[in-house]
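J.: Given next are the chains, with one letter for each unit.
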Amino acid sequence: MQGLAHQLVAGIATGGIYASVALALVMIYQSTHHLNFAQGEMATFSTYIALTLINVGLPYWIAFVLTILISFAMGVFIERVMLKPMHNASVLANVGVFIGLLLVFRNAMGWIFDYTIKAFPSPFESDHPLLGGLISGHELGSTAVTLGVLGIVYVFFRFTKLGLAMRAAAFNASSSRLVGIRVGWMLALGWGLAAAIGAIAGMMIAPVVFLEPNMMLGILLYAFAGALLGGIDNPGGAVIGGFAVGIIENLGGAYLVGTELKLTLALGIIICVLLVKPSGLFGRVVQSRV
Amino acid sequence: MSTSQNPLAATLAPVATPARDGVMLRILIVLGGFVAIAAVPIAFASSYQLFQLTLAATYAIAILGLNIVTGFNGQISLGHGAFYAVGAYTTAILMTHFDVPYWATLPIAAAICGVIGFGIGFPALRLGGLYLALTTFAVAVAVPQILKYKGVEDWTGGVQGTFLVKPDAPEFTGLDNDQYLYLFVLVIAALLFLMAANLLHSRIGRAMRSIRDNPIAAEAMGMDIARIKTRTFALSAAITGLAGALSAIAVEFVAPDSFSVELSINLFVGMVVGGVGSIVGPIFGGLFVVFVPNLAESIARAAPGVIYGVILILFLYLLPQGFAGFPRRIGALLRQRSQG
Chain A
1 MQGLAHQLVA GIATGGIYAS VALALVMIYQ STHHLNFAQG EMATFSTYIA
51 LTLINVGLPY WIAFVLTILI SFAMGVFIER VMLKPMHNAS VLANVGVFIG
101 LLLVFRNAMG WIFDYTIKAF PSPFESDHPL LGGLISGHEL GSTAVTLGVL
151 GIVYVFFRFT KLGLAMRAAA FNASSSRLVG IRVGWMLALG WGLAAAIGAI
201 AGMMIAPVVF LEPNMMLGIL LYAFAGALLG GIDNPGGAVI GGFAVGIIEN
251 LGGAYLVGTE LKLTLALGII ICVLLVKPSG LFGRVVQSRV
Chain B
291 MSTSQNPLAA TLAPVATPAR DGVMLRILIV LGGFVAIAAV PIAFASSYQL
341 FQLTLAATYA IAILGLNIVT GFNGQISLGH GAFYAVGAYT TAILMTHFDV
391 PYWATLPIAA AICGVIGFGI GFPALRLGGL YLALTTFAVA VAVPQILKYK
441 GVEDWTGGVQ GTFLVKPDAP EFTGLDNDQY LYLFVLVIAA LLFLMAANLL
491 HSRIGRAMRS IRDNPIAAEA MGMDIARIKT RTFALSAAIT GLAGALSAIA
541 VEFVAPDSFS VELSINLFVG MVVGGVGSIV GPIFGGLFVV FVPNLAESIA
591 RAAPGVIYGV ILILFLYLLP QGFAGFPRRI GALLRQRSQG
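If you read the protein sequences in the order shown, they are chains A and B. Start counting the first sequence at 1; every next residue gets the next number (the numbering used here). Start counting the second sequence at 291; every next residue gets the next number (the numbering used here).
Be aware that a few hints might be false.
With the C-beta cut set under 7 Å, the calculated list includes, among others, these residues of chain A facing chain B [to be verified]:
no.	residue
1	Leu-35
2	His-87
3	Val-91
4	Leu-92
5	Val-97
6	Ile-99
7	Gly-100
8	Val-104
9	Asn-107
10	Ala-108
11	Val-179
12	Gly-180
13	Val-183
14	Phe-224
15	Leu-267
16	Ile-270
Non-contacting residues of chain A with respect to chain B, defined by C-beta distances greater than 10 Å in every case (computed) [as the list claims (entries may be wrong)]:
no.	residue
17	Gln-30
18	Phe-37
19	Thr-52
20	Val-65
21	Ala-89
22	His-138
23	Ala-144
24	Thr-160
It is worth saying that the hints were derived from the structure and are not from the lab. A virtual CB, placed ideally from N, CA and C, is assigned to each residue, including glycine.
Let the hints inform the model, and build the full structure from the sequences given.
T.: So, in structure tokens, the structure goes:
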């Protein structure tokens, strides 16, 4: 029973990471109807920036905030420079650009920071387990941070004027333009936010899985699975889906398939959702008129 | 009916003859080109260069397979490396466990991949555009893990992989083993490209393209979209699987880590750079995938990937038709200049 409880708690902790990345994916999907295959690599790149800043001698939390700001700027820059010309291009061309970004980021990381596996510091002391060995300090801390991020994102979109403008731009671009919303910049802002959320997810998972250029590849897959499970066009659903996938992954890894086939489990979830209920648990069923 | 009695036939006849001459000329050019491509490297290239050219030919075949389903039929696959892996492993297992001769493994590998492709084609029908790309991407990421799985280790050789024996050249050819293998792969590649060209210029090829460009209109014209899509997927998988089988023979080794997500991405990059929806494009793609990393590797270990990504993005912006669209682009520019 203790084992099961521990797996559940660990599942919620990693699920928070998946939920964050899934949220980042859904934010870009909602406004552009494209999936950012480079989301994981961008997050890993941000984590390398954080490690560099910490190694320079900055305190953890200052490096944390700086990394978020740099990642935000990076996301805005990529949208404005690389994706703006592709707005009217085909799905294949857009997928191609994302794959190109993935290649550039992944290999630039290996080039600049080399391929060796690096340890990443955790701001939460993890020497002594809490709640009778149920949860480590880092698991508790990272869950709190991801929940905090999700809460802030919710408040931002629900209660601020800018958040409303962004939702409007994603919902109906041409009408938003008529009421004076600068839709192009709202998209760029969405990209910036997605990159920032990804950066936080990267910094929170890096102490657990260690930092290397491939760090987020598997996590991106779980995030895809989570986003699809919850509904690819529903941010709240994607967050719930992310947590669910985290729990499924931990329980499945411990009792069902073993750690060897964990990625295959994510693949299985993706295929099951797409075959059984392509709109996800909380997504809208899209009907197209012919 | 003689020509003199029928004025229409009389006017048609002189037109028809040059057209037939054109076909003959084209066949001669293709044959001559093939002989040159086969003979020059065999005469002059070192065995390592021959090996690289052999690999480029197998990649060209694999990219041809990908291009049929993605370029001509519009079903985006980011996971064709999985079929390449299945083809390679089929050949490896048949050669090491069952002592099947190398050439006999090829049709078996193609058939197995075709059946798997057909099976994947059905769920793929429900996954429009982006979702198919996502699912196949997930397949590509998961492939090495599945190949390493302990339960199938006896067959696959697990993490260490399996070694193969390179086939000996038959006595009468007078070639050494590398030269023979190059010729062997090249002949198969030529046959597959001719076959694909014929198919894509036929009624079925037009159906594939019309489904890509306007599925609703295609369906309204009475095309069975599901049938054509699943069969295209099967054909594409079979061709890419055959390429994987050839690569296993050429490399003499299969291991899970040579079939990582990078392989699938390489095939995708080769397709875009060579020319999406072009029949000769995959030839450029295959050469690009093999030789550009070698050139770039001299700059830095990770540079090939960075240069790869940059080239991919540049092509999408500046030359969406790839290398294959280059002559047409230049022709259009020249015409523009002469008019303006």
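J.: Each hint needs a verdict: does it hold in this structure or not?
T.: Verification of the supplied hints:
1. Among the interface hints, the one on Leu-35 of chain A holds; its C-beta lies about 6 Å from the nearest C-beta in chain B, closer than the 7 Å criterion.
2. Of the supplied interface hints, the one on His-87 of chain A is violated, with its beta-carbon coming no nearer than about 13 Å to a beta-carbon of chain B, more than 7 Å.
3. Proximity of Val-91 of chain A to chain B holds as hinted, the smallest CB-CB distance being about 5 Å (cut-off 7 Å).
4. The closest approach between the C-beta of Leu-92 of chain A and any C-beta of chain B is roughly 6 Å, which is under the 7 Å cut-off, so the hint is satisfied.
5. Interface hint status for Val-97 of chain A: upheld, as the beta-carbon distance to the closest one in chain B is roughly 6 Å, under 7 Å.
6. A least Cβ separation of about 6 Å between Ile-99 of chain A and chain B falls short of the 7 Å threshold, and the interface hint therefore holds.
7. Look at Gly-100 of chain A: its Cβ gets to within about 4 Å of chain B, closer than 7 Å, so that hint holds up.
8. Using the Cβ-Cβ criterion of 7 Å, the hint placing Val-104 of chain A at the interface with chain B is satisfied: the shortest such distance is roughly 4 Å.
9. Interface restraint check: Asn-107 of chain A against chain B, minimum CB-CB distance 3 Å, threshold 7 Å, status holds.
10. Interface restraint check: Ala-108 of chain A against chain B, minimum CB-CB distance 5 Å, threshold 7 Å, status holds.
11. Hint status for Val-179 of chain A relative to chain B: violated, with the closest Cβ pair at about 29 Å, above 7 Å.
12. Annotation: interface hint on Gly-180 of chain A violated; nearest CB of chain B at approximately 31 Å, more than 7 Å.
13. The criterion of a C-beta within 7 Å of any C-beta in chain B is not met by Val-183 of chain A, whose closest approach is roughly 21 Å, and the hint is violated.
14. Evaluation of the Phe-224 of chain A hint against chain B yields a held restraint, the C-beta minimum of about 6 Å falling below 7 Å.
15. Interface restraint check for Leu-267 of chain A: the shortest CB-CB distance to chain B comes to about 5 Å, inside 7 Å, so the restraint holds.
16. A least Cβ separation of about 5 Å between Ile-270 of chain A and chain B falls short of the 7 Å threshold, and the interface hint therefore holds.
17. Chain B leaves Gln-30 of chain A outside its interface by the beta-carbon criterion, the shortest separation being 13 Å against a cut-off of 10 Å.
18. Against the 10 Å criterion, Phe-37 of chain A falls within the reach of chain B, whose nearest CB is about 6 Å from its own CB.
19. The beta carbon of Thr-52 of chain A sits about 17 Å from the closest Cβ of chain B, which is more than 10 Å, so the claim that it is off the interface holds.
20. The claim that Val-65 of chain A is not at the interface with chain B holds, since no C-beta of that chain comes within 10 Å of its own (minimum 29 Å).
21. At roughly 8 Å, the least C-beta separation between Ala-89 of chain A and chain B is not larger than 10 Å, which violates its mark as non-interface.
22. For His-138 of chain A, the requirement that its beta carbon stay farther than 10 Å from each beta carbon of chain B is met, with the minimum near 26 Å.
23. Look at Ala-144 of chain A: its CB is around 30 Å from the nearest CB on chain B, clear of 10 Å, so calling it non-interface holds up.
24. No Cβ of chain B approaches the Cβ of Thr-160 of chain A within 10 Å, the least distance being about 30 Å, so the stated non-interface status holds.
Hint check: violations occur at hints 2, 11, 12, 13, 18, 21; the rest are consistent with the structure.
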